[in-house]
Amino acid sequence: MTPRILVAGVGNVLLQDDGFGPHAIARLEAEYEIGDDVELLDLGTPGLDFVDYLVGRDVLIILDALSSGGEPGEILIFDHERLREYLPNVRLSAHQPCLQETLFTAETAGVCPPDVVLIGVVGSSFDVSPELSSQISSAMPRALDLIAGVLRKNGAVVHRRSVPLPLHSWWNPTTPSL
Amino acid sequence: MATRINIDPVTRIEGHLRVDVEVDGGSVSKAWASCTMWRGIENILLGRDPREAWLFTQRFCGVCTTVHAMASVRAVEDALRLQIPPNAQFIRNLILINHALHDHVVHFYQLSALDWVDIMTIPRANPKTASSLAESLSDWPDNSDKQLAAAQARVTALAGSGQLGMFASGYWGHPAMHLPPDVNLIAFSHYLQALEYQRKALQVVGILGGKTPHIQNLAVGGVMNAINLDSLATLNMDRLYTIKSLMDEVIPFVQQVYFNDACAIAALYPEWMNFGGGVHNYLAVPDLPLDAQASAFDLPGGVILDGNLAGAHPFYTAADTDFRHAVTEDLTHAWYKGSEPQHPWQGETQPQYTDFEENGKYTWVKAPRYDGRPMQVGPLSQVLIGYAQGHPLTKKWTDLALAKISAIGKRKVTVNDLQSTMGRHVARAIRCAMLSELAGKHWEYLVANISRGDTAVYNPPKFPDGEIEGVGTHEAPRGTLSHWVVIRNGRLSNYQAVVPTTWNASPRDNRGQPGPYEMSLLGNPIADPEKPLEVLRTVHSFDPCMACACHTFDPSGKAIATVKVL
Chain Y
850 MTPRILVAGV GNVLLQDDGF GPHAIARLEA EYEIGDDVEL LDLGTPGLDF
900 VDYLVGRDVL IILDALSSGG EPGEILIFDH ERLREYLPNV RLSAHQPCLQ
950 ETLFTAETAG VCPPDVVLIG VVGSSFDVSP ELSSQISSAM PRALDLIAGV
1000 LRKNGAVVHR RSVPLPLHSW WNPTTPSL
Chain D
187 MATRINIDPV TRIEGHLRVD VEVDGGSVSK AWASCTMWRG IENILLGRDP
237 REAWLFTQRF CGVCTTVHAM ASVRAVEDAL RLQIPPNAQF IRNLILINHA
287 LHDHVVHFYQ LSALDWVDIM TIPRANPKTA SSLAESLSDW PDNSDKQLAA
337 AQARVTALAG SGQLGMFASG YWGHPAMHLP PDVNLIAFSH YLQALEYQRK
387 ALQVVGILGG KTPHIQNLAV GGVMNAINLD SLATLNMDRL YTIKSLMDEV
437 IPFVQQVYFN DACAIAALYP EWMNFGGGVH NYLAVPDLPL DAQASAFDLP
487 GGVILDGNLA GAHPFYTAAD TDFRHAVTED LTHAWYKGSE PQHPWQGETQ
537 PQYTDFEENG KYTWVKAPRY DGRPMQVGPL SQVLIGYAQG HPLTKKWTDL
587 ALAKISAIGK RKVTVNDLQS TMGRHVARAI RCAMLSELAG KHWEYLVANI
637 SRGDTAVYNP PKFPDGEIEG VGTHEAPRGT LSHWVVIRNG RLSNYQAVVP
687 TTWNASPRDN RGQPGPYEMS LLGNPIADPE KPLEVLRTVH SFDPCMACAC
737 HTFDPSGKAI ATVKVL
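In order, the protein sequence lines correspond to chains Y and D.
Residue numbers for the first sequence follow the working numbering, so the first one is 850 and each next one is one higher.
Residue numbers for the second sequence follow the working numbering, so the first one is 187 and each next one is one higher.
The set of hints was computed from the structure by calculation and includes no laboratory data.
By construction, the Cβ of each residue, glycine as well, lies at the ideal position given by its N, Cα and C atoms.
It is possible that some hints are incorrect.
[Stated by the list, open to error] For each label pair, taking beta carbons as the anchor points, the in silico distance ranges come out as:
# : chain 1 : residue 1 : chain 2 : residue 2 : range
1 : D       : D557      : Y       : R853      : 54 to 60 angstroms
2 : D       : S347      : Y       : R853      : 22 to 28 angstroms
3 : Y       : V977      : D       : R310      : 50 to 56 angstroms
4 : Y       : I924      : D       : G233      : 33 to 39 angstroms
All chains, please: the whole structure from these sequences, using the hints.
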């Protein structure tokens, strides 16, 4: 059975704050106990294959980095209607089909989850490094709290673990060698 | 009077591909391809453990995750002269095949079909006549008038609601769009069905790889899939048959739907076999190794120069001696320090940004060269090289495609006509059909090998003191991929990825030779400079994927295509 709620972390963990989504997924896995009707997925930087992960979901929560729209560390929430307003134009490469095109394609095919929300954090640095900037790191607990709240509002069971599990993040330089 | 068109669709941080063309007398007279994002991610690998490199390289690119993981472990194994067990070869091959089936189908239906299919004509189609036409072209069961009517209703509803979304920005009604409404309806119906089948191929990758889009099962020395036919937690008979049944659904879609649609669209746009040839030097590496030694392959590789198929030069190993020595990267027109061509093992990636200077540096893409020549890579290269060598599977599907296109278009089409914009689409469909056959074959190889009692999947690597070099290749969906590593005392001291789009989107070099995108655009007709559909058709035919992606969502990002009269 496909879990009815998908939390999709998108972004590139090798490009600092762009990796907010995957970083948040790893932190959620370690710090929260979440019901099995929720799937947490680090989707990296998908193209239109994003659509393949939406089939059979009722709720899609996208975690992404934002390049503008506020101060670094600021958390913004976009509902589906607001996402629709930012339509891309001409597309050249397989990467450009961005979020809006993914959602539109899913709608055209009749597989778009009825509820879509994007939780974004404005980044400050997008250089080549697997570490988040200090502004995003300090925004992370607030972001996780907010995500947990959105999950609860959608009927999911979410508890904060009293003792977190080890953080599964292979990109972290402190992760022991394989 | 010349007109300059700049297509720079992203002002967002992820900036990817920018194309500039000059149009003179209704066709393209000059072209520049530029990547607007720095691809210096390799630097993050320096000093790291070579056994972990693949975890990082599969994040180079969000679409081509698996292929960068595979090239990376192969590069380290090459440096160590480390063979992997046959089971590991077959499991890797099955992952690569299914990844490619997914990727090719997505490219055709989701990323390029709308360059040729005018969906705004679909409300005028007749589902009954469309169904008869579709059934005359293919045995596919899902072409009934009912199914086509349902697809038509979707377009009509979208058009009626004003919620056209992505479709609102298409070049509908463009004079270069001329498929009959019935054909557009069939293609749109298959676009909807493709979503269902591409997902099944992805599920196979997920079962074998542990997860998608980032597989977890690789290791330098093999794979980490424990094999025990009786255990629930491992790769057992049940999982193997789940894979088989998923592939049994994908294969007919590729052979009866995608392959036929590509042939039909080629037949109905015959003029696009006259444009877009560009660079007629072709490069492909052999792939899908058949044994532990990788002494034989199911996909052929080699080199063709100046379009001379008769003189094709084959490669017999995954990284032929010729290939190891012939590859260099030129930095003359790329935003990096240095100008002398560098071999990837000596390659450096030190940025030197100047702004877009059409006679100077103008892109973040280096210019890979083979013996100093620009090369085209991708399915077309592999198909031409296989065809020239008389490779049976390549010949079978290529001849079938040529016969179909000739019959539908009532005009004789030859293998040489494939050296064109439309030829790249046809070749991708040919390759996909070949891979769909090989999917079943490699599944049988794996099952037969396990049934003989062989459950080995991994040979542990040992790193010597001192310096070793290696190259790992993979004939990826977009063409030849190579990762070049230098390992000193068990740590990475250099890492260079020469990716397919680097070959194809390459800028000019120190001798002024343009890259394949740039050459292929020359002479393309441009009916309306405000709507440069023809440029998109040729660029999309390569299946561009600018290495590495930054996925930040920018609420203020607005796309632009600007036209300027010179």
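Status of each hint after checking the structure:
For D557 of chain D paired with R853 of chain Y, a C-beta distance near 56 angstroms keeps the hint of 54 to 60 angstroms intact. Under the hint 22 to 28 angstroms, the C-beta atoms of S347 of chain D and R853 of chain Y, about 26 angstroms apart, fit the expected range. A hinted range of 50 to 56 angstroms for the beta carbons of V977 of chain Y and R310 of chain D is consistent with their spacing of about 51 angstroms. Checking the proposed 33 to 39 angstroms range against I924 of chain Y and G233 of chain D shows it holds: the Cβ atoms sit about 35 angstroms from each other.
This entry satisfies every hint, going by the numbered hints stated previously.
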